[in-house]
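Number of protein chains: 2
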Amino acid sequence: MDRQSPIAQWDIFEAAFQGPAAGNPYLDVTIEAVFSFGNRDVRVPGFYDGEGIFRVRFMPDAQGEWRYRTIANVSELDGRTGSFACGGPRAGMHGPVHVRDKFHFAHADGKPYFPFGTTCYAWTHQPLAMQAQTLATLKDTRFNKLRMGVFPKDYIYNQNEPLYPAFETGADGKEDFDRPNATMFRHFENQVGALRELGVEADIIIFHPYDRWGYCDMGAERDFRYLRYLVARLAAYANVWWSLANEYDFLLDCKPIAQWDRYFHIIEENDPYRHLKSIHNGEATMNFDHRKPWVDHVCIQNWDVKRTAEWREAWGKPIVNDEPEYEGDIPRPWGNISAIELVHRFWVTIMRGGYAGHGETFMHPEDLLWWAKGGELRGESWKRIGFLRDLIEADVKHGLTPFTPQDGRWVFSRVSGASDGDVTYLYFGEHQPAAWAVGLPMEDGDYEIDLIDIWAMTIERIGKAPLPASPGLRQRNGAIVGGEPEAAFGIHLPGKPYQAVRIRVRK
Amino acid sequence: MDRQSPIAQWDIFEAAFQGPAAGNPYLDVTIEAVFSFGNRDVRVPGFYDGEGIFRVRFMPDAQGEWRYRTIANVSELDGRTGSFACGGPRAGMHGPVHVRDKFHFAHADGKPYFPFGTTCYAWTHQPLAMQAQTLATLKDTRFNKLRMGVFPKDYIYNQNEPLYPAFETGADGKEDFDRPNATMFRHFENQVGALRELGVEADIIIFHPYDRWGYCDMGAERDFRYLRYLVARLAAYANVWWSLANEYDFLLDCKPIAQWDRYFHIIEENDPYRHLKSIHNGEATMNFDHRKPWVDHVCIQNWDVKRTAEWREAWGKPIVNDEPEYEGDIPRPWGNISAIELVHRFWVTIMRGGYAGHGETFMHPEDLLWWAKGGELRGESWKRIGFLRDLIEADVKHGLTPFTPQDGRWVFSRVSGASDGDVTYLYFGEHQPAAWAVGLPMEDGDYEIDLIDIWAMTIERIGKAPLPASPGLRQRNGAIVGGEPEAAFGIHLPGKPYQAVRIRVRK
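Line order of the protein sequences matches chains A and B.
Per this note's numbering: the first sequence = residues 826 to 1332.
Per this note's numbering: the second sequence = residues 826 to 1332.
Chain A with its partners taken away, still in its complex shape (with noise of 0.2 Å):
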């Protein structure tokens, strides 16, 4: 038995052993282990790395003596066996995110999971010195999340030749699909490590149709490979994220939805961890069937996002619109909205009980838009969005509840607020109240209450105020009726667009 160095909780113990090289491994040498902690056994695919060597990889969430045995279909690899010891974990790691409270998200520690993302699809396949500078940029953000292709990109802006091919080529000049070139995976892993380190969860987009290389349309077969060897060689970096496409639905010519539920499956089934998983739609009116109990939360591209309500509703799943458009110009509908126009989409969706991601397209002479290559942000959003998940961080303990319609408050079809426990959001957007009072508390009490201004970022406290007038019809000789229902104080307001109170218990 082979003892290794102790691992940190919810680090990467990786065990490795040299085994048949001739041939195709990759086809034809299996090798799993199970992970024992106890009487608790966990089953963990392995990989092919190239040159002879397989690899299992495992990351431990209990502390403690974790033991190990290989199973193979080649007498070298099988059998194989060790230990080590898991200690707690290293300051800011806090596990993988999973679904919690419905529609919201918490690390395995327990800590809270608020998703702020941005988008930077084809950002492992740029020049290294543009991928060192996409860190450091992120590094000076508030994202916690990107959503990045495994595969390089083939689209308007993207033409550029990736750093590496994703399989290694023939005798025959051609891309091999059933060799994966492990120089490429190996990169790509590394930089989802890079990722956890700063405290950002990769949203790793398996398939997606922006291709001139043959990646989208491999064969059923060989996508069942390819997506086992990847959860093999990923599953273990705590801050995976699986995001089985982008745009799903323009690659349904060749991937029926059978397969995309097949795909789900065989990460279940190989996944121990169970991270996340999901499927982001292209057309607004092709969302996936998210009601599908291997969907974990309902990830979408739609720009509509006062209906976020309305998708929990629907599907009784955490929301992240990833796509509520992009900051930007470039002359593609959902490329180009203006910066204050993406904050207050960030806004509507986090006070309507959902979460928005980010992304930047701005023309550039060299086509080095954030969204797709990384490197610099050019945008005014970003900062913007940066200071919400401070404010969201500082007060919400589990996740909000928005106000609804369905709640008698109709307000909220067209002003959006939500609450956590002591605190209360409501935010106006386009509207510009100078006075107001639904949404408030319904009970007089000790609060804080603060006035936002979204763009510039200031926070004033304020005081209560008389309650406002209230509409309730007067109808049959003088009976009111209608009208919802009202607050125990009012408050001013400036009268202008891009406003958000708080209302905090004083403690």
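Do not take every clue at face value.
From chain A, some residues computed to sit far from chain B (all C-beta separations above 10 Å) [claimed, not checked]:
1) His-923
2) Val-924
3) Lys-1208
4) Glu-1273
5) Trp-1280
Below, in silico cross-link-like pairs of lysine to aspartate or glutamate (EDC-like), each with a Cα-Cα straight-line distance of 16 Å or less [unchecked claim]:
6) B:Lys-1222 <-> B:Asp-934
7) B:Lys-1222 <-> B:Asp-1232
8) A:Lys-1332 <-> A:Glu-1273
9) A:Lys-1289 <-> A:Asp-1275
10) B:Lys-1321 <-> A:Glu-1205
11) B:Lys-1131 <-> A:Asp-1129
12) A:Lys-1102 <-> A:Asp-1086
13) A:Lys-1321 <-> B:Asp-1275
14) A:Lys-936 <-> A:Asp-1215
15) A:Lys-1131 <-> B:Asp-1129
16) B:Lys-1289 <-> B:Asp-1275
17) B:Lys-1208 <-> B:Asp-965
Bear in mind the hints are in silico, worked out from the structure with no lab data behind them.
Keep in mind it's a predicted model, so treat the numbers as computed, not measured.
Every residue, glycine too, gets a C-beta built ideally from N, C-alpha and C.
With chain A held as given, fit chain B onto it using these hints.
Just chain B now, with coordinates in the frame of chain A:
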């Protein structure tokens, strides 16, 4: 036979007769007249105007000699005859507005009518000086439709006593709903006439729930009688539109759906001119079934203006979104959007093939809010709405047909665009592309292309530019699939929000 003075086409011919004043002629006496033009007969109901006077009003729609004969249930009013000559219309008079081309409107003389309405629900119930001010203000704007209630209004910011009660006060000190107050109705119709002279359609709201007098719950039979009376008095005004209700769904407890249908039918039975009939909802989910054949156009209250093309599909009638929220700052969520947001909603609505309505609700120390009382405009949107009307009237011949996702131009679920014959508009709103192509002509030609700033109200001639890069997706080893239809050329744009483009074939 009584020979009367000539009448201009679409003006009002009126015959008055002395009849019984005893008892209650409103309940007991029926009078109508048949107006004849050659072999054509038109039945026109009359009404009791108080003090023993009965009137029949008629709006001739054909030039030449008209005769009439009365039919009444009292002998002194029965069989009365007369005639008059109808000449050409007065300058600026184009006759009543009707639906044309399924989604649009035109006057009787064929002139297209594009509604650019505003709202002063209770303006005819304010002090006379304020009413004069309302008319003077309207004259300075480009609004050509006004939503206005027959009855006064009891609601927030609307607690003042009306100028006249709608019914006479009985011996018990209460209003007698069987005795209309001729003074009030005469005043009301005079103001409808004043609007006609300004070229403003009167969108007359017959019932509404904001009531402390009992007008909204008089009982079905009294409602029916009031409706016949109103139609007999007012239908001869060329600029009348019948709006069955404001927020009809807040009256469903006393007026069930079948009763609303009956109101429509009573108008059809009594209005020989078939003025436009519609009905306005309160809750966004409570639209009337506008497919019913007695609904001429769809009048809605809905802030979600990007759905306009969807509503056209659903109902197949002109869409008039009379309440896409109001410019203002009051603490009601429907009454406090910014000026730019309301102008934006007008553009989105029109560029998706509908029409929008204006309202203004700024808090005022004496509760003088334009939306209810008229008076002065204090906002910034009305000028820009007038600018939009001027643009549309300059080039649109029939009405705009939107580009929709169903055209294969999915882009137009995000940005807005529409065309009519030789003119095409694109409207970008919160989008700020620095270049563009989709929606521009598919064939090259001699075009006048103008950049329009919807807020600054500037129009700037711009030129063609190279076609920007297109995102056709490469799949299956290089085959390009997907992408939207492109254009023959591109344009450069300033990369800021709230811009539109007009493309005209050069004559």
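Going straight from one Cα to the other, do Lys-1208 (chain B) and Asp-965 (chain B) come out at no more than 16 Å?
-> The given pair, whose Cα atoms are some 10 Å apart, holds under the 16 Å limit.
Would you assess whether Trp-1280 (chain A), listed as outside the interface, keeps its beta-carbon beyond 10 Å of every beta-carbon in chain B?
-> Its Cβ never comes within 10 Å of chain B, the nearest being 13 Å, so this holds.
Under the criterion that the straight-line Cα-Cα distance not exceed 16 Å, is the pair Lys-1289 (chain A), Asp-1275 (chain A) satisfied?
-> holds, 10 Å
Taken at face value, is the distance from the CA of Asp-1129 (chain A) to the CA of Lys-1131 (chain B) at most 16 Å?
-> Status holds; Cα separation ~9 Å.
Run the C-beta distances from Lys-1208 (chain A) to all of chain B and say if the shortest one exceeds 10 Å.
-> Its Cβ never comes within 10 Å of chain B, the nearest being 18 Å, so this holds.
May I ask you to check that Glu-1273 (chain A) keeps its beta-carbon over 10 Å from the closest beta-carbon of chain B?
-> holds, 21 Å
Given the proposed pairing of Lys-1289 (chain B) with Asp-1275 (chain B), does the C-alpha separation stay at or below 16 Å?
-> Holds, because 11 Å separates the two Cα atoms, which is no more than 16 Å.
If you draw a straight line from the CA of Lys-1332 (chain A) to the CA of Glu-1273 (chain A), is it 16 Å or shorter?
-> holds, 9 Å
Restraint status (C-alpha distance of Lys-936 (chain A) to Asp-1215 (chain A) at most 16 Å) | OK: Lys-936 (chain A) and Asp-1215 (chain A) at ~15 Å, within 16 Å.
For the pair supplied as a hint, Lys-1222 (chain B) and Asp-1232 (chain B), is the alpha-carbon distance within the 16 Å limit?
-> Not satisfied, since the Cα-Cα distance of roughly 22 Å exceeds 16 Å.
Separation of Val-924 (chain A) from chain B, once the least beta-carbon distance is taken, above 10 Å | Fine: 30 Å to the nearest Cβ keeps Val-924 (chain A) off the interface.
Distance restraint between Lys-1102 (chain A) and Asp-1086 (chain A), which requires alpha-carbon spacing of 16 Å or less = holds, 11 Å
The structure fails hints 7 and 13 (numbered hints given earlier, in ascending order).
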